[in-house]
Amino acid sequence: MKTTTYAAGILEAYEYLLTNHQDFFIIGQGLWSPWYVGATMTDLDKKFGKDRVIDCPVSELATTGATVGASICGYRPMIVHPRVDFMLLAVDQIVTQAAKWRHMFGGNSTAPATFRAIINRGGEQGAQHSQSLHSWFAHIPGLKVVMPYTAKDARNLMISSVLSNDPVVFLDDRWLYEKEEEYTEIEIIDLNDVLPQKLREGDNITVVGVSYTSLLCEKACEYLENTQGIKSDFFDLRVLNPLKLEEIIKSVNKTGRLLVVDGDWSSCGIASEIIASIMEKVNLDSLKSSPKRITLPDAPAPTSKALEQLYYIKEEQIVETIIELVK
Amino acid sequence: MKQEVNELIDPLKFRDRIDIKGIEKSMLVDMLRKMVLIRKAEEKLSEHVESGKIKCPCHLGIGQEAIGVAVSLVMRKSDRAFGAHRSHSHFLALNENTYSLFAEVLGKYDGCSHGMGGSMHIVDNDNGFKGSVPIVGATIPIATGAALAAKMDKAGDISISYFGDGACEEGVLHESLNMASIMNLPVLYVCENNLFASHLHIDLRQPSNSTSRFARAHHINYSTVDGNDVVGMYKLLKSEIESMRSSNTPYYLEAYTYRWKGHVGHRDDIDVGVKRGAQLDAWKKRDPIKRLADSLIHEGILTESECQNLNNEIQNKINSDWEKAELASFPQNEFLITQVYS
Ligand SMILES: Cc1ncc(C[n+]2csc(CCOP(=O)(O)OP(=O)(O)O)c2C)c(N)n1
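Order-wise, the sequence lines are chains E and C. Taken in order, the first sequence gives residues 1 to 327; the numbers are from our numbering. Taken in order, the second sequence gives residues 1 to 342; the numbers are from our numbering.
Just so you know, the hints here were simulated from the structure itself, not pulled from any lab data. None of these values were measured; they are calculated from a predicted model. Using N, Cα and C, we set each Cβ at its ideal position, and we do this for glycine too. Be aware that a few hints might be false.
To be verified - Here are some, though not all, of the chain C residues that point toward chain E, as calculated from beta-carbon distances under 10 Å:
1. MET120
2. GLU170
3. ARG205
4. SER208
5. ALA278
6. LEU336
To be verified - In silico BS3-like pairs for lysine-lysine, Cα to Cα no more than 25 Å straight-line:
7. C:LYS275 to E:LYS47
8. C:LYS275 to E:LYS50
9. C:LYS55 to E:LYS305
10. C:LYS324 to E:LYS305
11. C:LYS55 to E:LYS314
12. C:LYS53 to E:LYS305
13. E:LYS250 to E:LYS292
14. C:LYS275 to E:LYS46
15. E:LYS179 to C:LYS324
Throw the hints in and build the complete structure from the sequences for me.
Given below as structure tokens:
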């Protein structure tokens, strides 16, 4: 069996896009650096040239704005922010410019830029190097938000994001880079057709994860099925905006139970949105327990390892919560 | 026209003894002690990044000690300084508290941020260090606001903004300089130009290696100096700071220097392909500490053995502070939540 990793998936997407789409280029900090973007962009500058894989000054706002500008003029560029935290310096260009561009000009002009940012937390990096903030971006109409969990998706959805006619925030997770799975061939999928994917089948509970928490959920569900016979319908969300929850609603109607696990804060987060949207449409009589979410504590990330261990979501928490909901 | 001709970036120059005339002996020894303390503290950190005891990202400023020390000696306790990701020297120059820094880097409650910040988020209110953060450029406007507050206080205090040449590429520098200039704010902008921003040399990032062009554009007085000459910077700042305090004017100091370590951690980055080998060797010969020590010995202010004693004393203090910090406790679990709001 040929295998691949999440990081290799991203690299393969780049190779595909740079080879097949002359209008695609990449700009961002650290693209020529040996350590910035992990194994996701190794040697691309050497293969495809430094004028299509562009390292740049420490200027998030200008480089992101330039990406938007080039996208308006016929290119399909991507800006890479090696941490989501740094992308916040560019938020006006993403949220107030690119996301509105098509709508405010009545469809006469569009900004199909891709904003890739890497979630890169833990390791005692503290409050300003550990955020995820995907819920923020998912709040914005006009901005698609994509968060792959599998290696296959990291590759295929990156291609879909770049080829999408809308601006897309693409968030990949450094904690998934080494994740290995069976190799598949590239599939070109329209981002509009991408739905949450069901990765496990079961009647006892519906579990929803996103990005890294999907890994935790998948392991927890597998463990519970093997040890206690608890079977979960497990969905990996993939696209946070626009949300397409029909399949998950059907599932909750079937299982009567819902758990959402998200590695961002609770308040106004994607987990709240998923639960609220499902509760509006689900058959309430079918519910066997109140829906639940597992998120980060409502605090910035500490550096001290003693507290960092408490801070991040663990598989055991998911296992315990599922047992509590199902019993 | 790409490169401004600038001999200050030439490591073959400025290697000799420095001019210490007109400065009191106690001040000169103080400068040496502080620089040695910072050097040895960072060497200790480097050792334990390598040993794996330090997990948080540690950006070492070995080779850049002179700048923070010169600035600290013109500051008073009511002034307010702000740093960035590479700020151990700014912090230690003001308080010499290696225990507090070591405990912080180890995530211990006794650390200056009670273990919540690590190497990149350090603070010491009592000595005028208001905080450092790793978001590049983020404290430039904050220091500018601190200068606005100082001006409103009318007590002649100033604020200090430490940043690197990379931070000059963030738009907020331009906004801040413009504001400080038009509003007459007493902020000392200190650009530690070490020619690198992580892996990229300034020649690949800016059309000139002189960032003081930004000060010029905003009509702010500036100087471009040898950042490895602590006495030269001290003399300059001492005279400039008086007018900053009395007339609320901003000032921009561009100090050329070089970091001996890589961007982060104990390695030098040559191992991962950053091309700076020959330059690095040459800059090590432009050592700010050795230049001052040689001058003191040459002028008969300190003997070789007095210098050696000073080194030994500092090393002992650092060793014992490190050992104590290793034994200190971690913050209590509640701290995660209780520090979010006041
Ligand atoms: C807004 C932001 N962008 C990018 C980074 C990543 N980063 C950390 S330090 C650094 C280089 C900064 O260079 P400089 O300001 O010259 O300081 P030096 O590291 O040389 O001391 C970069 C790009 C960051 N921390 N924050």
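Query - Per-residue hint verdict: ALA278 of chain C, partner chain E, C-beta under 10 Å - result: Constraint on ALA278 of chain C not satisfied, violated at 19 Å.
Query raised in the report: Does LYS324 of chain C pair with LYS305 of chain E here, judged by a C-alpha cut-off of 25 Å?
Result: 18 Å, holds
Query raised in the report: If you draw a straight line from the CA of LYS275 of chain C to the CA of LYS50 of chain E, is it 25 Å or shorter?
Result: This hinted pair holds, its Cα atoms lying about 17 Å apart.
Query raised in the report: Hint check: is the beta carbon of SER208 of chain C less than 10 Å from a beta carbon of chain E?
Result: Cβ of SER208 of chain C sits 13 Å from chain E, so the hint is violated.
Query raised in the report: Can the restraint linking LYS275 of chain C and LYS46 of chain E be considered satisfied, given a maximum Cα separation of 25 Å?
Result: Satisfied, since the Cα-Cα distance of roughly 16 Å is no more than 25 Å.
Requested in this report: Decide if the proposed pair is consistent with the structure: LYS179 of chain E and LYS324 of chain C, CA atoms, cutoff 25 Å inclusive.
Outcome: Since the Cα atoms of LYS179 of chain E and LYS324 of chain C sit roughly 40 Å apart, the hinted pair is violated (cutoff 25 Å).
Query raised in the report: Is the interface hint for GLU170 of chain C satisfied, with its Cβ closer than 10 Å to some Cβ of chain E?
Result: Interface hint status for GLU170 of chain C: holds (6 Å vs cutoff 10 Å).
Requested in this report: Double-check MET120 of chain C for me: the hint is only fine if its C-beta lies closer than 10 Å to a C-beta in chain E.
Outcome: Holds. Min distance 6 Å.
Query raised in the report: Keeping to a limit of 25 Å between CA atoms, is the pair of LYS55 of chain C and LYS314 of chain E held or broken?
Result: With Cα atoms ~20 Å apart, LYS55 of chain C and LYS314 of chain E stay inside 25 Å; holds.
**Report entry** Given hint LYS47 of chain E paired with LYS275 of chain C - CA-CA distance at most 25 Å
**Finding:** Cα-Cα ~20 Å, so holds.
Query raised in the report: Given LEU336 of chain C was flagged as interface, is its beta-carbon under 10 Å from a beta-carbon of chain E?
Result: Given a least distance of 5 Å, the restraint on LEU336 of chain C holds.
Query raised in the report: Regarding the hint that ARG205 of chain C lies at the interface with chain E, is the smallest CB-CB distance below 10 Å?
Result: 4 Å, holds
Going through the hint list in order, the structure does not satisfy hints 4, 5 and 15.
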